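Protein sequences appear in the order of chains A and B.
Numbered per our numbering, the first sequence finishes at 526, counting up by one with no gaps.
Numbered per our numbering, the second sequence finishes at 135, counting up by one with no gaps.
Please keep in mind that the hints were generated in silico from the structure rather than gathered at the bench.
Treat each hint with caution, since some may be false.
Said to hold, decoys possible - Restricting the straight-line Cα-Cα distance to at most 30 Å, the calculated cross-link-like pairs of lysine-lysine (DSS-like) are: (1) Lys133(A) / Lys12(B); (2) Lys18(B) / Lys301(A); (3) Lys12(B) / Lys301(A); (4) Lys18(B) / Lys133(A).
Predicted model, so just to flag it, every value in this text is computed and none were measured.
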Amino acid sequence: MTAEVTLLRHADVLVLGGGPAGAWAAIAAAEAGADVVLADKGYCGTSGSAAAGGNNLWYLPPDPALREAAMDAREAIAGRLTERRWMERVIEETYHQIGRLAGWGYPFPVDEGGVERRGSLQGPEYMRRMRRKAHRSGVRILDHHPALELLATPDGTAVGAAGIRRQDGGGRWEVRAGAVVLATGGCAFLSGAFGLDVDTGDGHLMAAELGAELSGMEFSNAYALSPAYGAHTKGLMMQFASYYDEAGRPLELGDMGTARQAVARLLADGRQVLARLDQAPPGLREAMRRSQPNYFLPLDKAGIDPFTQAYPVRLVMEGTVRGTGGLRVVGEDCATTVPGLYAAGDVATRELITGSVSGGGSHNGAWAISSGTWAGAAAAAFATRGEGRARSRPAGRAGLRPHGPATGAAAEVVRAVQDEVLPLDRNYFRTAAGLRRSLTSLDRLWTDVAAHLSGEGRGALRARQAAAMVAHGRWMYRAALARAESRGMHQRLDRPEADPRLARRIHVGGLDEVWTAPEEPKEAVA
Amino acid sequence: MIEVVSQDRCVKCDVCVKVCPMDVFALGPDGIPVIARQDDCQTCFMCEAHCPVDALFVAPLSGPAPAGSPYTDEAALLEAGAMGRYRAVLGWGGGRTPGSRLDQNHVFTARLAAGSQPAEETPAGRRRVSGEPSA
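Extracted from the complex, chain A is given alone in its bound form:
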């Protein structure tokens, strides 16, 4: 990376990513007295899955019976990978912080009984408010400042980041900080899924270059239904859907829990599937429109009335955004295995509260708020200890500083990764043989990327994103091989049963050499 440094800032805490997790982290750090810079790849307020899509929340009033029931319900499907203590903490923190959001003026709806309903957030409104609150808290926001690499001390402590100023001449920016919060989201491999193209796993790669470990990366094959012509993955309304084949014959696919997998099988086999919201009671239809405007908007624009017209669907990959894997957190403050580096939101593993099944919007949304708040506060505390800010080195390698002759073929790399991770037959329906085949390609790709890939200006970001996606794919499939069973969203056609010995999390890490290791169980596995 040759660009000249045209912006240099110092801060106590640097937050990378301006979705909900990053915004909550920045606010928490500022409230702890830290001087905070938040750098977003795009624009804090529109970036990330929450801004575009909105989400329900794992939001539960402080009624012990209600909360116990919610945790029991999640544990029943979560594959024994959750921790009750973390669930309790997230529920409590989310409840508290949403109360503050209401105080900041978020316009929650009021129900028939006069009670404010706080369990759902409309994305654009939510993130507009969060940006304003961060700004008023004194956070310095740098939009269109994608981070390309972390800065680290010789002993490996994270002390800042650097990237490009893509709307300001493409020069290099550097922020030297006392601690860094990664809130860069999951990775959806540029699948086009609604609002997720900003999520390319950049933070995972940056962290791994400092030796960070990951967990739950096998739970990375979330797919969601969208109209076939678009990529609008809004799922809640599909509870009213009936499905039809290309000839208009009804498909009997069971309830919502089984329908998605049946649809996946049909689509993977090259069949066409159409959906129509037959089962929506007419009296609810106006409420549906008001509640999920961005489900209806792309249909309205296409002239389709989903209540009366069946429309073709496809499954769009949402990867680790709606999957659960990510950076391993090793403390209640969301510290990673790298000193000075904290993880918040979808970049972190969400297994602790949602296990082997998708946290959807609801759990992931609550996690963003809670983990962001904890990570921000902890980063502020770490920064005040002022460990080794003076000497640092840039840590970026693959896609940024190749060790051989440079080429700029990022688009080809992206296509090659997508060929391995997007197809349902490779990622949704997994087999050991298929995973090994894909890993052979991905490993070769990594060798090539590490040796040659780089770019200039906006191309520097594209190259780095491509490298991040290759790394992500390799962690996903290594973990998927190590989990030689089926559990939650991770389905192995060759191992259709759950193996009780694998009721534990699987760690993964490494770049040139990828490793996996099952977590030591804290107690005897039943």
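With chain A held as given, fit chain B onto it using these hints.
Frame of chain A; chain B shown alone:
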């Protein structure tokens, strides 16, 4: 993807250039934004939501609209009232009620939770499907 920037409506405020999370727009020589990197558009409608004068139209397609598509016909889109629809639903702009006040998602999440089966995939559900499709 983004298809239309209305020259007539645009007030050169540059908000779309700034808020697009994918950096799709660039400032044109006359100050009116141009669609500089359409391939990067993720069809998230955020520019439409933030444009204060409803000068933008994002087609619902995940790829570029084909030549001659009605999605690129500004006059027809204006005529049909297709521009600014998302902002209206969000309740952004003077005199509007925030759309979030009308949010009734609690009805639908409760309905889902009351269903007999969880909405998440379970090994049992998977077996039922990949084995014998249910009748």
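Tested hints:
1. Proximity of Lys133(A) to Lys12(B) is assessed by CA-CA distance (about 27 Å); at most 30 Å being required, the pair is judged to hold.
2. Pair hint Lys18(B) plus Lys301(A) holds up; C-alpha atoms about 25 Å apart against a cutoff of 30 Å.
3. Between Lys12(B) and Lys301(A) the CA atoms are separated by roughly 26 Å; this keeps the pair inside 30 Å, and the hint holds.
4. As the CA atoms of Lys18(B) and Lys133(A) are separated by approximately 19 Å, the hinted pair is consistent with the 30 Å bound.
This entry satisfies every hint, going by the numbered hints stated previously.
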